[in-house]
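Trainee: Spelled out, the chains give:
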Amino acid sequence: GAVVSQHPSWVICKSGTSVKIECRSLDFQATTMFWYRQFPKQSLMLMATSNEGSKATYEQGVEKDKFLINHASLTLSTLTVTSAHPEDSSFYICSAPRWGGQQETQYFGPGTRLLVL
Amino acid sequence: EDKVVQSPLSLVVHEGDTVTLNCSYEVTNFRSLLWYKQEKKAPTFLFMLTSSGIEKKSGRLSSILDKKELFSILNITATQTGDSAIYLCAVSQISNTGKLIFGQGTTLQVKP
Numbered sequence: 001g002a003v004v005s006q007h008p009s010w011v012i013c014k015s016g017t018s019v020k021i022e023c024r025s026l027d028f029q030a031t032t033m034f035w036y037r038q039f040p041k042q043s044l045m046l047m048a049t050s051n052e053g054s055k056a057t058y059e060q061g062v063e064k065d066k067f068l069i070n071h072a073s074l075t076l077s078t079l080t081v082t083s084a085h086p087e088d089s090s091f092y093i094c095s096a097p098r099w100g101g102q103q104e105t106q107y108f109g110p111g112t113r114l115l116v117l
Numbered sequence: 118e119d120k121v122v123q124s125p126l127s128l129v130v131h132e133g134d135t136v137t138l139n140c141s142y143e144v145t146n147f148r149s150l151l152w153y154k155q156e157k158k159a160p161t162f163l164f165m166l167t168s169s170g171i172e173k174k175s176g177r178l179s180s181i182l183d184k185k186e187l188f189s190i191l192n193i194t195a196t197q198t199g200d201s202a203i204y205l206c207a208v209s210q211i212s213n214t215g216k217l218i219f220g221q222g223t224t225l226q227v228k229p
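Here the protein sequences come in this chain order: A and B. Everything in the first sequence is counted per the numbering used here, starting at 1 for the first residue and increasing by one. Everything in the second sequence is counted per the numbering used here, starting at 118 for the first residue and increasing by one.
Where hints are given, some of them may not hold.
[Stated by the list, open to error] Taking lysine-lysine pairs in the DSSO-like style, the calculated list, with each CA pair at most 27 Å apart, reads: (1) A:64 <-> B:216; (2) B:216 <-> A:14; (3) B:228 <-> A:41; (4) B:228 <-> B:184; (5) A:66 <-> B:120; (6) B:173 <-> A:66; (7) A:55 <-> B:120; (8) B:228 <-> A:20; (9) B:158 <-> A:20; (10) A:41 <-> B:154; (11) A:41 <-> B:185; (12) A:14 <-> B:158; (13) A:41 <-> B:158; (14) B:120 <-> A:64; (15) B:158 <-> B:184; (16) A:66 <-> B:216; (17) B:173 <-> B:154.
[Unchecked claim] Pulled a few chain B residues facing chain A out of the computed Cβ check, cut under 10 Å: (18) 158; (19) 165; (20) 215.
[What the hints assert, rightly or not] DEER-style ranges, computed between Cβ atoms: (21) A:10 <-> B:177: 42 to 52 Å; (22) A:15 <-> B:167: 40 to 50 Å; (23) B:125 <-> A:110: 19 to 29 Å; (24) B:167 <-> A:12: 34 to 44 Å.
Bear in mind the hints are in silico, worked out from the structure with no lab data behind them. Positions of the beta carbon are idealized from the N, C-alpha and C atoms, including for glycine.
Isolated chain A, as found in the complex:
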């Protein structure tokens, strides 16, 4: 079946450094991918829509200069948290939709836990 992978699965970094998270669709092409952030005991909050070959679309309140998104190919989107601070510590999840017949299925990556010290 379709699989979406994320790398790394967890990362610890110092405040002020940048962290890159990769999201890959392993056996299908995804012109669109989505990035979510989830704080403990809260729901998924959509951060941005990653569009292959064009600029990402950010949700209200999400700083595009802080959360850089690059969708360089049909199977890879990256999220870079620039100048990370402790408040950026969270669980980051990507997803990619895939169409099968007339039905669209959303496949989630396993998530990346980020801890900024």
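Got chain A; can you put chain B on it based on the hints?
Mentor: Quick look at chain B alone, frame taken from chain A:
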């Protein structure tokens, strides 16, 4: 503003109990409502509902959608400790391919 609201936000039951989780929505261009279960990692898919009144069932879990009253319920019968998780409800729109609007989630704890 499009929104999805889940209730209760948290729930503690004992093994064997039956629980009902609620999800209401106010979303333009509704296409489908989805239920997910999330344990320690990413959400896992449970159900997708597009039509009113048709119950979807998988083992002890079942769900139904009411498009007139704009809500859905997720039932879990004979709960087990392995059912402990966050249950997420999300809505997709016709106009926004792939984008999901999530509710706050319901945290379910099943005690032995």
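Trainee: Determine for every hint whether it applies to the structure shown.
Mentor: Do the hints match the structure? See the list:
1. A:64 <-> B:216: holds (18 Å)
2. B:216 <-> A:14: This hinted pair is violated, its Cα atoms lying about 32 Å apart.
3. B:228 <-> A:41: Within the cut-off at roughly 18 Å; holds.
4. B:228 <-> B:184: violated (34 Å)
5. A:66 <-> B:120: holds (26 Å)
6. B:173 <-> A:66: violated (42 Å)
7. A:55 <-> B:120: holds (26 Å)
8. B:228 <-> A:20: At roughly 39 Å apart (the allowed maximum being 27 Å), residue 20 (chain A) and residue 228 (chain B) break the hint.
9. B:158 <-> A:20: holds (19 Å)
10. A:41 <-> B:154: holds (13 Å)
11. A:41 <-> B:185: violated (31 Å)
12. A:14 <-> B:158: holds (24 Å)
13. A:41 <-> B:158: holds (12 Å)
14. B:120 <-> A:64: Holds, at about 23 Å.
15. B:158 <-> B:184: With Cα atoms ~31 Å apart, residue 158 (chain B) and residue 184 (chain B) exceed 27 Å; violated.
16. A:66 <-> B:216: Satisfied, since the Cα-Cα distance of roughly 22 Å is no more than 27 Å.
17. B:173 <-> B:154: Holds, because 15 Å separates the two Cα atoms, which is no more than 27 Å.
18. 158: This interface hint holds because 5 Å falls under the 10 Å limit.
19. 165: holds (8 Å)
20. 215: With Cβ-Cβ at 3 Å, under 10 Å, it holds.
21. A:10 <-> B:177: 42 to 52 Å: With Cβ atoms ~32 Å apart, the hint is violated.
22. A:15 <-> B:167: 40 to 50 Å: This hint holds: roughly 45 Å between Cβ atoms.
23. B:125 <-> A:110: 19 to 29 Å: holds (28 Å)
24. B:167 <-> A:12: 34 to 44 Å: For residue 12 (chain A) against residue 167 (chain B), whose Cβ atoms are near 42 Å apart, the range 34 to 44 Å holds.
In summary, the numbered hints that this structure violates are 2, 4, 6, 8, 11, 15 and 21.
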